[in-house]
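Using the hints, put the two standalone chains together into the complex.
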Amino acid sequence: MDSSPLVSTGQPSHDPPPSSELARPTLLRVEAVSKRFGRLTAVDAIDLHVSAGESLALLGPNGAGKSTLMQLIAGVLQPDTGRVVLLGDKRGNGDGDPRRAAVRRALGFAPQALAVYPQLTARENVLFFARLYGVRAAVLEQRVKASLEIADLSSRAGDRAATFSGGMLRRLNLACAIVHEPKLLLLDEPTVGVDPHSRDHLLDAIAQLRQRGMALIYSTHLMEEGDRLCDRVAVLERGRVLVSGECRALCQEHGVSGLAALFMRLTGKELRD
Amino acid sequence: MATALLITLKDLRLLSRDKMALFWVLVFPLGFALFFGSVMKAGIDAETPPLSVVLVVESAQPVAEAIAHALEHSGLETRRASRAAASDAVRLGDAVAFVRIRDNAEAPIELGMDPSHKAQSALLVGLIKAALAPEAQAQLPRIDTTRVVRSAELPRSGFEIVLPAMLLWGILGCAATFAVSLVSERSAGTLLRLRAAPISRASILAGKSLACLLACLLDVLILSLMARWVLAVRIDDLPKYLAALLACSVCFTGLTMVLCTMGRTEQAVAGAGWATLLVFAMVGGAMVPLSVMPKWLVQLSDVSPVKWGIWALEGAMWRDLTWCELLRPLGLLVGFGVGSFALGVSVLVAWREL
Chain A
1 MDSSPLVSTG
11 QPSHDPPPSS
21 ELARPTLLRV
31 EAVSKRFGRL
41 TAVDAIDLHV
51 SAGESLALLG
61 PNGAGKSTLM
71 QLIAGVLQPD
81 TGRVVLLGDK
91 RGNGDGDPRR
101 AAVRRALGFA
111 PQALAVYPQL
121 TARENVLFFA
131 RLYGVRAAVL
141 EQRVKASLEI
151 ADLSSRAGDR
161 AATFSGGMLR
171 RLNLACAIVH
181 EPKLLLLDEP
191 TVGVDPHSRD
201 HLLDAIAQLR
211 QRGMALIYST
221 HLMEEGDRLC
231 DRVAVLERGR
241 VLVSGECRAL
251 CQEHGVSGLA
261 ALFMRLTGKE
271 LRD
Chain B
1001 MATALLITLK
1011 DLRLLSRDKM
1021 ALFWVLVFPL
1031 GFALFFGSVM
1041 KAGIDAETPP
1051 LSVVLVVESA
1061 QPVAEAIAHA
1071 LEHSGLETRR
1081 ASRAAASDAV
1091 RLGDAVAFVR
1101 IRDNAEAPIE
1111 LGMDPSHKAQ
1121 SALLVGLIKA
1131 ALAPEAQAQL
1141 PRIDTTRVVR
1151 SAELPRSGFE
1161 IVLPAMLLWG
1171 ILGCAATFAV
1181 SLVSERSAGT
1191 LLRLRAAPIS
1201 RASILAGKSL
1211 ACLLACLLDV
1221 LILSLMARWV
1231 LAVRIDDLPK
1241 YLAALLACSV
1251 CFTGLTMVLC
1261 TMGRTEQAVA
1271 GAGWATLLVF
1281 AMVGGAMVPL
1291 SVMPKWLVQL
1301 SDVSPVKWGI
1311 WALEGAMWRD
1321 LTWCELLRPL
1331 GLLVGFGVGS
1341 FALGVSVLVA
1351 WREL
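Protein chains in written order, with my numbering: chain A, 1 to 273; chain B, 1001 to 1354.
The shape of chain B in the complex, shown without the other chains (with noise of 0.2 angstroms):
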């Protein structure tokens, strides 16, 4: 009994003395908590902030009036505008649907959802449903939800609204095996024969990024060549589609540069690289939607290239962005590689690695 109190004394006193152990047990745990717990208080407590709502009045009939009264008390966010700017603005993102009122009475009441909100539909109709009467229910014409993408031809599939995030966890798992494999060779002494190699620098540090990059380009080109095979997702725009990829991928790519710096160690930098990356996809949306979060981690979403990658994905694939309104999330992604690859290098520069 003496000797395994010993053991586990002595295990307890690793573990104590392991930081990164003891982040994963104490200060991870407690970060997820902060995370979930935000993001179900806010559902609990009603935080969430307004659902975004467009209204395209073309009639001047009562009843139209009545709905448009309805929904602006209803506690949604309104705003009135034409089909198009309505239109644009769920595109964009800016609402999560539009409510199209025609000026024949006869007509369908058009509901113009953003195809990743498609949960909040229902709540949407009952609101217009519930802005007349029951004596005037009869007046109430049909309500026809559309979804506002590229093309409506047909339904978009749930997959097409995952895929994103999902490329998203494969670039992720590439920059994390990248890091770790760098602070490998650096354990290893192969980085040191590199560097005694005829050889530059920028040859190795080029060398090592053209390989994660590649891998992430790699990556991401067969599982979204799995997802038009198997899971029958449409990629509308294909340029825009591998701009977003490259540029996600450069993202990624510079950020390997300064996740390979968390640590001295393998371990130390797998944990905290993933502890990293974990963040990153949390609050950039790709663990839980960004419309269930409360306001203020919606705008901390910012800081987290996850969130642009998505928003690029999603506006090569259905969101039907310009080139010119694609051109800040890739921008972003872009400006966020070099500037983490130029950090990460100055620290391995400063660290005698390199």
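Chain A extracted, bound-state conformation (with noise of 0.2 angstroms):
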């Protein structure tokens, strides 16, 4: 799918549209872009892009700014340098500001943290996230269901989310992340403490959300998963790109059989405390 060459490791990527990619419309773009929190450098001069209904998975080991540069995206943080660009940019500057509220409705952001309301049913918690999008009362409660049932909580809808296990709270997370139908969905970390059976059913999930054309952002240090939802992949460490690509296509350059391989040829071995 994706044939954009490798960079060099500790080298800012400077990451343009495949060629393959340039007929659909690019979503998201981020352009230099650097966030520091005192002497700490979080994001370093990060270029990055993504199409409409294209996936890209966010690896890195922790502390390696994946976070960070999701909340950058979605317009939660504002960078010191260069900056994010949401659904094009085609009438100039700003227009595709991710603080502008046209744009946001465009994203869905599930955070790491576990963003629901415990006292909250979950079809309150729900509904509450499709109101605040703006969905329309006419499919309000279409969508509120729809998304309940992808996340396969149906059955506990009227239930308060704070009798929920850690599977039932993440899946939460994602139904009132999609419940506005976003063109591009940001998930942090979606299946962090969750059962191997939680983790599947919520992958199946965003499988399924990829196939109806969402684009999607997924940040995990779990290469299986990024492998397995991705099309392409994006390793970063200390707040930089090291390699992006074609996950198949990065294994082959660096001579690797998988992603878990290439991400500790990258990334080394040593503890990132």
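For the record, the hints were derived by calculation from the structure and aren't laboratory data. On a predicted model such as this, the values are computed, not experimentally measured, just so you know. Check each hint, because a few of them may be wrong.
[Unchecked claim] With a straight-line cut-off of 25 angstroms between C-alpha atoms, the simulated SDA-like cross-links for lysine to any residue are:
no., chain 1, residue 1, chain 2, residue 2
1, B, K1019, A, A249
2, A, K183, B, P1198
3, B, K1208, A, D47
4, A, K145, A, G158
5, B, K1019, A, H221
6, B, K1208, A, T121
7, B, K1208, A, G255
8, B, K1208, A, E124
9, B, K1208, A, R100
10, A, K145, A, K183
11, B, K1129, B, F1159
12, B, K1208, A, K183
13, B, K1208, A, R105
14, B, K1208, A, V103
15, B, K1208, A, R131
16, B, K1019, A, T121
17, B, K1208, A, R160
18, B, K1208, A, V135
19, B, K1208, A, L132
20, B, K1208, A, A137
21, B, K1208, A, Y117
22, B, K1208, A, Q112
23, A, K183, B, S1200
24, B, K1208, A, F128
25, A, K183, B, I1204
26, A, K183, A, G158
27, B, K1208, A, Q119
28, B, K1208, A, R136
29, A, K183, B, R1201
30, B, K1208, A, Q78
31, B, K1010, A, T121
Right, dumping it as structure tokens:
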């Protein structure tokens, strides 16, 4: 799918849209974005792009800058340098600014934390976020129902989230992020702390969303998830993109059998404490 | 035993590293002791400011002058004024009582008391009676004690006196609860989700603040209705009463924004928030009446919005304050709320929480 060239380790990636992707409209462009917290550079001159219907896995060890990058894309954080452009930038500066409400409606964001209200029922949680994202009243119930079905929570829709298991909360987290049918879905380590069955169900649900044409940025440190769900991967380390491209092509380039081996080769074995 | 000791040492180490727990076990008891110690010391050492009494001497009879002279030299803080001015002074809290000695020697002496200082009326009656020598006691007219309130039809109940403090406690509870809820949103990640949603920061703030404001108002309205129906409390001037409730709610809604910045965790904010509110309540007269506090503590109470809240509510309920007289406490409450809100939001923005 993607034949973009590899970028050498330690250098910021400049990730131009591959020729095969040019036909698809670009949903997101991250251009030389950096973010510092005091002395720590969490994100360092990162370039990325995602086209409509495409999926990108952000792989990296703990502290690589995945969550910060997700929050920059979601407009929760503002970059110190560079810019994030959503839904194209055809009409000049700022039109695709993720801070703008119209642009934010195209985004669905499931943070790493279980960002739901424990005292509300599953249905109330999803309904709240649907209304917040301006889902029209005519389709509101239908969207809420569909989201709960995708998350396999229909049978527990009337139960308070406080009574849910970790896996169910993760699925509810996803349902809240997709209820407004975003064009681009940001999932920040969505399977953290769930059992294999729930994880498998979550991955199936996400694959289902992909088949419907939803673009996806999926942050994880679990290689098989990136491999299973995404067209392309970008490996992050200390705030920088080490390599990015189509998974199989990257493995061939580095002479490794799979993504896990590629990841270890690129990031080394030392702990990131 | 060794393992038990190990666990003991671990728990003590945890306690020593929990700043909020240290506050509750060390700093707060000291503050508590300082406060109540000062109040009690004032009582023991007679440090409390002398009772302020206005004398209305309408008679030129020797008996009248003798009573006035005795009161002026009894350790009270006295001044002379007309009946109307004296009544206003008591109503506005500048004096705890007035003593009116009428022109007609047969007419009873009028002792007009501030209802919240009822306990001192016996002392004043005693002082008046002691003004005349035992052999002249027959010349002493009867003493009628009245309460300087909007309507003197019936005696005010104790519930009407304590209702303002009760309402303030309700509002303090709402403020503490909402401060913690804002931190819960932060720690649970839902605030992150709200910030990623297509709504402005102002909408998030407005939504949270409006919820707190409405909860405060609903709380005090329910409490007021219960007080009306169950405790037979009367509210004489409803518009002023509602204005006072609104001002109190605005004040503590604003304060919620500051409270939620007093820590990074729910536990820290709950602890620091309640500690702050308790200090406001103690100093502001919601636990101990201002009249028994030493002078320096009374002066310090001006910084507590609880004091102004109680004053505004009393003013609307039975002090018969005019709109003009209510403007000061209402303005201070709203100003405190707006200032606190701005401060809290500034801190949240600086922390990148908004």
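Proposed proximity, T121/A with K1010/B (alpha carbon, max 25 angstroms): 39 angstroms, violated
25 angstroms Cα cutoff - pair K1208/B, F128/A: The given pair, whose Cα atoms are some 14 angstroms apart, holds under the 25 angstroms limit.
Agreement of K183/A and R1201/B with the hint, judged by alpha carbon distance not exceeding 25 angstroms: 23 angstroms, holds
Restraint check for K1129/B with F1159/B, where alpha carbons must lie at most 25 angstroms apart: Given pair K1129/B, F1159/B is violated - Cα atoms ~30 angstroms apart, limit 25 angstroms.
Pair hint K183/A and S1200/B, alpha-carbon separation not exceeding 25 angstroms: Given that 25 angstroms is the threshold and the Cα spacing comes to 21 angstroms, the pair holds.
Restraint check for K1208/B with D47/A, where alpha carbons must lie at most 25 angstroms apart: The hint is violated at about 36 angstroms.
Hint consistency between K1208/B and Q78/A [alpha-carbon to alpha-carbon, up to 25 angstroms]: 23 angstroms, holds
Satisfaction of hint between L132/A and K1208/B, Cα-Cα up to 25 angstroms: Satisfied, since the Cα-Cα distance of roughly 14 angstroms is no more than 25 angstroms.
Pair hint outcome, K145/A versus G158/A [Cα-Cα no greater than 25 angstroms]: At roughly 12 angstroms apart (the allowed maximum being 25 angstroms), G158/A and K145/A satisfy the hint.
Pairwise hint evaluation, R105/A against K1208/B, where the allowed Cα distance is 25 angstroms at most: 21 angstroms, holds
K183/A paired with P1198/B [C-alpha distance capped at 25 angstroms]: 14 angstroms, holds
Satisfaction of hint between R160/A and K1208/B, Cα-Cα up to 25 angstroms: 22 angstroms, holds
Going through the hint list in order, the structure does not satisfy hints 1, 3, 5, 7, 11, 12, 16, 26, 31.
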